[in-house]
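Protein chains: 2
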Amino acid sequence: MFQKILVAQGGGPTAVINQSLAGIALEARKHSGINTVYGAFHGVRGIINQDLVDLSKETRENLEAVAETPAAALGSTRDKPDRKYCEEIFRVVRAHGIGAFFYIGGNDSADTVRIVSEAARADNYPLRCIHVPKTIDNDLMVNDHTPGFPSAARFVAQAFMGANLDNAALPGVYLGVVMGRHAGFLTAAAALARTDSGDGPHLIYLPERPFSLDSFYQDVKRTMEKHGRCVIAISEGIADAKGTPIATTLATKVEKDAHGNVELGGGALADYLSKAIKDTLGLKRVRGDTFGYLQRSFAGCVSDVDQREAREAGEKGVQFALAEGRDGSVTIHRQSTGGYSAGYKFTALEELAGKTKHMSDAFIAPNGSDVTPAFCDYLAPLLGSGLPKMARLGRQPVAKIKTD
Amino acid sequence: MFQKILVAQGGGPTAVINQSLAGIALEARKHSGINTVYGAFHGVRGIINQDLVDLSKETRENLEAVAETPAAALGSTRDKPDRKYCEEIFRVVRAHGIGAFFYIGGNDSADTVRIVSEAARADNYPLRCIHVPKTIDNDLMVNDHTPGFPSAARFVAQAFMGANLDNAALPGVYLGVVMGRHAGFLTAAAALARTDSGDGPHLIYLPERPFSLDSFYQDVKRTMEKHGRCVIAISEGIADAKGTPIATTLATKVEKDAHGNVELGGGALADYLSKAIKDTLGLKRVRGDTFGYLQRSFAGCVSDVDQREAREAGEKGVQFALAEGRDGSVTIHRQSTGGYSAGYKFTALEELAGKTKHMSDAFIAPNGSDVTPAFCDYLAPLLGSGLPKMARLGRQPVAKIKTD
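Quick note, the sequences are listed as chains Z and V, same order.
Taking the working numbering, the leading residue of the first sequence gets 1, the next gets one more, and so forth.
Taking the working numbering, the leading residue of the second sequence gets 1, the next gets one more, and so forth.
Hints may contain errors.
Identical chains share a label here; the pair holds if one copy fits it or two copies do between them.
Calculated pairs, DSSO-like style, for lysine-lysine (alpha carbon to alpha carbon, straight line, at most 30 Å) [to be verified]:
| # | residue 1 | residue 2 |
| --- | --- | --- |
| 1 | LYS402 | LYS84 |
| 2 | LYS278 | LYS357 |
| 3 | LYS242 | LYS221 |
| 4 | LYS30 | LYS357 |
| 5 | LYS389 | LYS275 |
| 6 | LYS402 | LYS4 |
| 7 | LYS275 | LYS84 |
| 8 | LYS402 | LYS57 |
| 9 | LYS242 | LYS275 |
| 10 | LYS221 | LYS30 |
| 11 | LYS226 | LYS284 |
| 12 | LYS80 | LYS402 |
| 13 | LYS284 | LYS84 |
| 14 | LYS284 | LYS345 |
| 15 | LYS80 | LYS400 |
| 16 | LYS400 | LYS242 |
| 17 | LYS357 | LYS402 |
| 18 | LYS355 | LYS226 |
| 19 | LYS400 | LYS30 |
| 20 | LYS402 | LYS275 |
| 21 | LYS345 | LYS355 |
| 22 | LYS242 | LYS57 |
| 23 | LYS4 | LYS400 |
| 24 | LYS4 | LYS80 |
It is worth saying that the hints were derived from the structure and are not from the lab.
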């Protein structure tokens, strides 16, 4: 067993990553064998820099308040450690007599945990290495879904609920670009904004299907003819049939035009697709937004289901570390018993480290510009309680009168 | 007196514009003289097209549900009627025997009400014309603030609360571009995200002060040196000393570079300022977001103070229409009695029609890149109850140990 544990947070922050941190720190207090919980500032970088804090000295009250706060309370990092970096992590861990290492993060973080685990075994040092899942992209293998995704999905759904009504009030084309370079789950969440027939998003484009500008124009044209307006959810990662991201194609085209003076930034895909629709279809009112960092960091939009599961994933991490005689990753699974509930398993790191899950065919509509009811059924229970309700007027018409 | 009234909504939708609609429709039911409430679809355009609905047939329950729903339930319009258009409005109003016209909107809508009022008087037709205030820009004269602004301000504050923590977790420069072409109130609301010393936004740029790229670079550099990171709130309407919008300057520059092939869209200012910081200061991690439509239409981020006041502004509109022997605009005023409370007055249309209010000098910090405590005191009570709380770890450091 181990007395001292270390926890760190990696990758992009989420609305609930601190729930997992609190889950680990507070669960550890229930086990008399564990007397110290260290935290590393800014992920693995904080370990090699020995930039550590003692979470054992935090009050339960403050840990609970931090759990409700978005973004990584310990700080995060984009470092993707190689073997040498991982061996350095291991040296610090050993020097401090740490017996278990918990890393909350995505598939890169799982890979770091895997390499640190190997370094410890090669040195015959008894270190328990645990990966706790987190990513708004929802692209971790084995997991039914990952903590952080449901809250980000809720933000996207609420954003499109409002954007749909705004677009109905002032008709035209609205295009929202959503995060997710390789997996379309977060973009697909826009479908959950629909509460009535005719509601947008009317079109949803995912990186899992090749994107064609010609089909896009036709889709928008058809939607405008049918509804007199068009709301579109589009993944930042859409790519053409050859796999080249559309954003890259646009950037190359423009950079060439501008003799290298122009470099496209975060809002470029939305801006250029908006302009393309305007020019090609001759439409006046076309607006494009890029949801950017708001979708992962907005304070005050969180799924309570996500909060509970992120907490539990941290708690289970400590329990698995104590009960299982091996290293691994906490994975979330949907229970098959009626209604929605989650269960947790302990999975070998190799099964998800460095790998990416994509949306299954069963979740993508055959026309390639929408999701299926199966996807909505999958996501709906994850969004949590208290979603805003969208109401409409009954619209009893008044007969026209001849005016002079 | 009048038996039949007509209501319409104009300009950009807000989170609470339907509260004013419900306020008018439900208040009218309390007065036995009024037996019919019509609504016009898509603002004044719905009047000249006689695209009217009978709101008297809506249930109270549904009107209450619609009141909680963002965006204009009757639809809106960007039409800015001239005298001829207003005379056409008046002809439809007269044909339907309407005795009072309520228009919920900003300063352009107030101007429409003013011209319709004149047309009715010129024709000796007894029409009571009432403007009910609404705008997220908070730029209506006479008013202490306007319905719609507090909820949009809350969105901006919550966005920067999260963006600040995200930036603290992964340090660098973060720049958020906020709506408001001429008035900086909504951008200034970012200041309310701060809950601790060192919190961002560290810099706030408003259209009320000339923007200089050189000062901007120096401000960012100084902030990076002090905090190791920098969060910036910037108005889409920032302009140089000559009054030329920076977005226009950038667009012209780029269009020339690209021989007319490049047209800048909604995200361009954020993208170009981000790139400029990167290039000029040699910084790696610079991110720019444009809040776009989310800040006015996001479902589920609303100030309860704003909801109550928007409702009351509609109710007062009906009361003033019945009690005052003149046309006018409902204006909101801050009561001087201890604590925060709002009062309502009936103001001549000429005092605000077509005019724009800017942030007063007392609200802008002398250095031009921040707001004053007076502004925070002004805005804080408007944001409403239940703002998310941001908690931090106590950060008890662990002593470093020499590793081999």
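Hint by hint, here is what the structure shows:
1. LYS402 with LYS84: between (84 Å within a copy, 18 Å between copies)
2. LYS278 with LYS357: neither (35 Å within a copy, 33 Å between copies)
3. LYS242 with LYS221: Within one copy only: 25 Å inside, 42 Å across.
4. LYS30 with LYS357: Neither: 35 Å inside a copy, 59 Å across copies.
5. LYS389 with LYS275: So LYS389 and LYS275 fail the 30 Å test inside a copy (33 Å) and across (40 Å) alike.
6. LYS402 with LYS4: So LYS402 and LYS4 pass the 30 Å test across copies only (18 Å; inside, 85 Å).
7. LYS275 with LYS84: neither (48 Å within a copy, 33 Å between copies)
8. LYS402 with LYS57: between (79 Å within a copy, 23 Å between copies)
9. LYS242 with LYS275: For LYS242 and LYS275, the Cα distance is within 30 Å both inside one copy (24 Å) and across copies (29 Å).
10. LYS221 with LYS30: neither (60 Å within a copy, 47 Å between copies)
11. LYS226 with LYS284: So LYS226 and LYS284 pass the 30 Å test inside one copy only (17 Å; across, 46 Å).
12. LYS80 with LYS402: Close across copies (24 Å), not inside one copy (73 Å); limit 30 Å.
13. LYS284 with LYS84: between (56 Å within a copy, 24 Å between copies)
14. LYS284 with LYS345: neither (53 Å within a copy, 39 Å between copies)
15. LYS80 with LYS400: between (68 Å within a copy, 23 Å between copies)
16. LYS400 with LYS242: neither (55 Å within a copy, 51 Å between copies)
17. LYS357 with LYS402: neither (62 Å within a copy, 41 Å between copies)
18. LYS355 with LYS226: neither (41 Å within a copy, 39 Å between copies)
19. LYS400 with LYS30: The answer is between: 27 Å across copies meets 30 Å, while 73 Å in one copy does not.
20. LYS402 with LYS275: Neither way: LYS402 and LYS275 sit 41 Å apart in one copy and 59 Å across, limit 30 Å.
21. LYS345 with LYS355: Classified as within; 18 Å inside a copy, 63 Å across copies.
22. LYS242 with LYS57: Neither way: LYS242 and LYS57 sit 54 Å apart in one copy and 56 Å across, limit 30 Å.
23. LYS4 with LYS400: Classified as between; 15 Å across copies, 79 Å inside a copy.
24. LYS4 with LYS80: within (25 Å within a copy, 69 Å between copies)
Checked against the numbered hints above, the structure breaks hints 2, 4, 5, 7, 10, 14, 16, 17, 18, 20 and 22 and satisfies the rest.
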